[in-house]
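Chemist: Model the placement of chain B on the given structure of chain A, informed by the hints.
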Amino acid sequence: MSYEAVIGIETHVELKTRSKMFCGCSTEFGGEPNTHTCPVCLGLPGALPVPNRQAIDWIIEIGLALNSTIAEWSVFHRKNYFYADMPKNYQISQFDIPICTNGHLVVDVEGEQSRIGVTRVHMEEDTGKSTHMGGDGRIQSADYTLLDFNRAGVPLVEIVSEPDLRSPAQARAYVQELRDIVAALGVSDAKLEEGSMRFDANISLRPAGDDEFGVKVEVKNMNSFRSLERALTFEIERQTKALEAGDAVAQETRHWDEAAGVTHSMRSKEESSDYRYFTEPDLVPMEISAEWRDRIKAALPELPAQQRARYVEMGVDSVTATTLVDGGLGKLFEDAVAAGGSARTVSIWLTGEVTAYLRREEIEIGDTPLTGAALAELSGLVDAGEVSSSAAKPVLEGVLAGEGSPKEVAVARDLVQMKDTEALGAIVDSVLADHPDEAARLRDGDMKVVGYLMGQVMKASRGKADPKLANTMLRERA
Amino acid sequence: MGVPADLTIRSAGEALRSGELTAAQLLESVLNQAARTEAELHAYLTIDHDGARTAAAAADAAFEKGEDLGPLQGIPIGVKDNMVTDGVETTAGSQVLAGYVPPYDATAVAKLRSAGAVIVGKTNLDEFAMGSSTENSSFGPTRNPWDTERVPGGSSGGSAASVAARSAIAAIGSDTGGSIRQPAALCGVVGMKPTYGLVSRYGLIAFASSLDQIGPFGVTVDDTVTVLEAIAGHDPMDATSFNGPVPAFRTDLDRGVEDVRIGVVPELSGEGIDPDVRQAFERTVDALQGAGAVISEVSLPSSSYALSCYYLIAPAECSANLARFDGVRYGNRVDGSTVEEMMGRTRRAGLGPEVTRRVLLGTYALSAGYYDAFYGQAQRVRTLVARDFATAYESVDVLISPTSPTTAFELGARTQDPLSMYMSDVCTIPSNLAGEPSISVPIATDGSRLPIGFQIMAPALGEQMLFRVASAVEHLAGFEALSAEKVGA
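So the sequence lines, in the order shown, correspond to chains A and B. If you want this note's numbering, it's the 1-based position in the first sequence plus 122. If you want this note's numbering, it's the 1-based position in the second sequence plus 30.
If you're looking for bench data, these hints aren't it; they were derived computationally from the structure. Cβ atoms here follow ideal geometry from the backbone N, Cα and C, with glycine treated the same way. It is possible that part of the hints are untrue.
Listed below are several chain B residues computed to face chain A (Cβ distance under 7 Å; list not exhaustive) [stated by the list, open to error]: (1) Leu283; (2) Arg285; (3) Ala350.
Straight line, CA to CA, 20 Å or less: simulated EDC-like cross-link-like pairs of lysine to aspartate or glutamate [unchecked claim]: (4) A/Lys251 with B/Glu370; (5) B/Lys516 with B/Glu68; (6) A/Lys201 with B/Glu370; (7) A/Lys201 with A/Asp396; (8) A/Lys201 with B/Asp402; (9) A/Lys342 with A/Glu284; (10) A/Lys453 with A/Asp311; (11) A/Lys419 with A/Glu154; (12) A/Lys338 with A/Glu351.
Chain A residues, not near chain B, derived (Cβ > 10 Å throughout) [unchecked claim]: (13) Gly153; (14) Leu170; (15) His226; (16) Thr241; (17) Asp286; (18) Gln298; (19) Ala381; (20) Ala382; (21) Asp489; (22) Ala506; (23) Gly524; (24) Met595; (25) Glu598.
Bound conformation, chain A alone (with noise of 0.2 Å):
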């Protein structure tokens, strides 16, 4: 039998607020150890919560590109349970009545497009973080265990998708898509390995074909793309193998190893906890005018989706189009075209070479001096036939390696072409020359051989003959 995977994921974002969710802490990343502190986020007798309009501002422009609705009137409520990293024991979240529900995106796994609902956008406060001292590393055999706050009372967003994906391709493109919204938006740095985005996933197999959901699995530490990717195909091996050897799926938590590759079983459902949500006391009802809303979507950025048709329509082929922007290259593109470069060269340029160069490099494309100004020149350098497309890689590699402009590279590597016509006209001769047969063929009207001569011609000129030239040149000769 078949089985269809059925896949719901729950992404929480950081928000890159200047102060805490309902103090005036910094949210600095990093920090010596319980430094960005003060009574409320450390949970101390009598402190208050106060929220941060800004994560508010935030959290609404998130929703709204989702394509969801902003509830007019909205709460907190506390989320109650026993965690020696969460200051107050509860956590302040939202139960029923979240800032944005009813959204969804768009994903594109290799030209298929689906529709991914997003059933609610909530705001919470993120915990201290845990380091436990001696053992393996894990509570249960620590020594001690160290507590940090700094990153208590972050803001944070949680964003909960329908149980729409089918495919680990398509739920890592989901995040990515969700990635590139908030980055795009610019309300978080959606960094990944400081756990500034993170996701946990539900999955469940049906007999393909079946309206039925199976036995969902809820699988945690899924800390980058790859490896939600990785997890998730791990899960549906097991649980088909499960399926097939006649075995139910036990309804868990799934812990994924990443140096294992495996998933390991956290807890059951049996152990899940009541968080016994109530409405928050010390905070009061959100009310959301149309007018705020109104003002934040009139503010909204271009989004992904809409930067991606429009470097269609400048004549990028989609796959690159959704390359440069989940790739972070949107801007630099846009440089260069603005300065005159050709989009669709740039854009190959930017996705293949200067991409290779990064992940070789182990760098990010600001560590580089690359300019849209750069990428521009080498453009017209190459529609001026003064360096060959061929030799626009290496030109590119001295550029993004810092050896000068294109034109100073090109110079300096060698790599201008041949155009002066009496020394590319005695490289031809000597060619022609060196083959008498071919030349012979060439006199005799034998076009098929001009492939061969300019091949000779490259090499005899090291790379840098204009073909154009050289061609008109051997043509010339017959």
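Modeler: The following block gives chain B in isolation, referenced to the frame of chain A:
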């Protein structure tokens, strides 16, 4: 006049400004009174001798330089120990916080300090303000200055007793279901709960956040007005703090009650009220009528459910509010082999039986499957209670009732029967559920020479009318406070 400790804020203020008295002398008189009475009364958990003397000296220096921060400058005031004080131990009457020294001042405390007040110390209370007799303090009970075999009421029993015993000129307390008004009644002083949100709760160790409100104690209505003027006002640190113009509390104090429409609430003044209390109450109602007030009977039909409603909402909120006392970051920790065991042991050792009872009640009321029947239902009843008040205020300006069904009871009389203890607050709870202001004014003593309190309730932000009627009641009743030398004599 006896000793300076017998003064009111107003009379002390006059003496301080005329040069008759220094703030240091006033403080020493108050500290002497405390030294003489505390062994028996135990109104204070902490007396901050050094801090108070420094503040009194600062007040004297200010007077000398002609600087005047207003009527509280140099006035010794007691602060209930569930309001945090920077550098001074704050326990909320609980072992779990014994020895805990907060790093900041509650807004109300900071406002008193910036008004030049002298904080004498931290007054005793039922643990985390849960109780009606101050017997739930884990540091031992406070006794009633009128009769030391009897309780002072609670939970702000220490604040009420300190003012009654003249070991403070005035005090502040907190009122969640009557915790200011009921001890004020039992100790023969004035105690007032403002409109919810009028005084910042920042730094008040929360019991039930949606009901808690800080308010003043004094020997006169005028004194409570003076303290409230100092502590009321918007605070950006409290999201539930009222952000609008503060009512003119004092304007109508001497206006009398002619044509004021006063409603007697039958549900709160009939059945279950001691005969002495009822008689004193009725005499005062007659006196008000004699003074020109228009008296009528106005029913609050839902008030019979108020007590049950309160004992679901308050425990539910407290179950979350007290979750932070887990031994992880502050307070007393009892070690265990796992975090959960450490938290459990810490809480079992640190929280007393009444607090534990309420945390368990609240946890249960919020649990999946019970939420709707208990907490959800209580919230709906709360709405009904508030609606009853709103309807009542369509026809009257204020509502009245006795503050407490009985006068002070003996220590131990109700400790084995939580329900009878809970009944102590039957008259005071409705105002908390509605978030509206209410005051208790002493009007008489009963056959055992124990004080009786008269409660006045007004609509939200109706403090101006509330104090107007309270002031009239005070004058009509002519109640005589204890004098310093009579306490413990």
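Chemist: Output the indices of the hints that this structure fails to meet, ascending.
Modeler: Result: hints 1, 2, 11 and 14 break, sorted rising.
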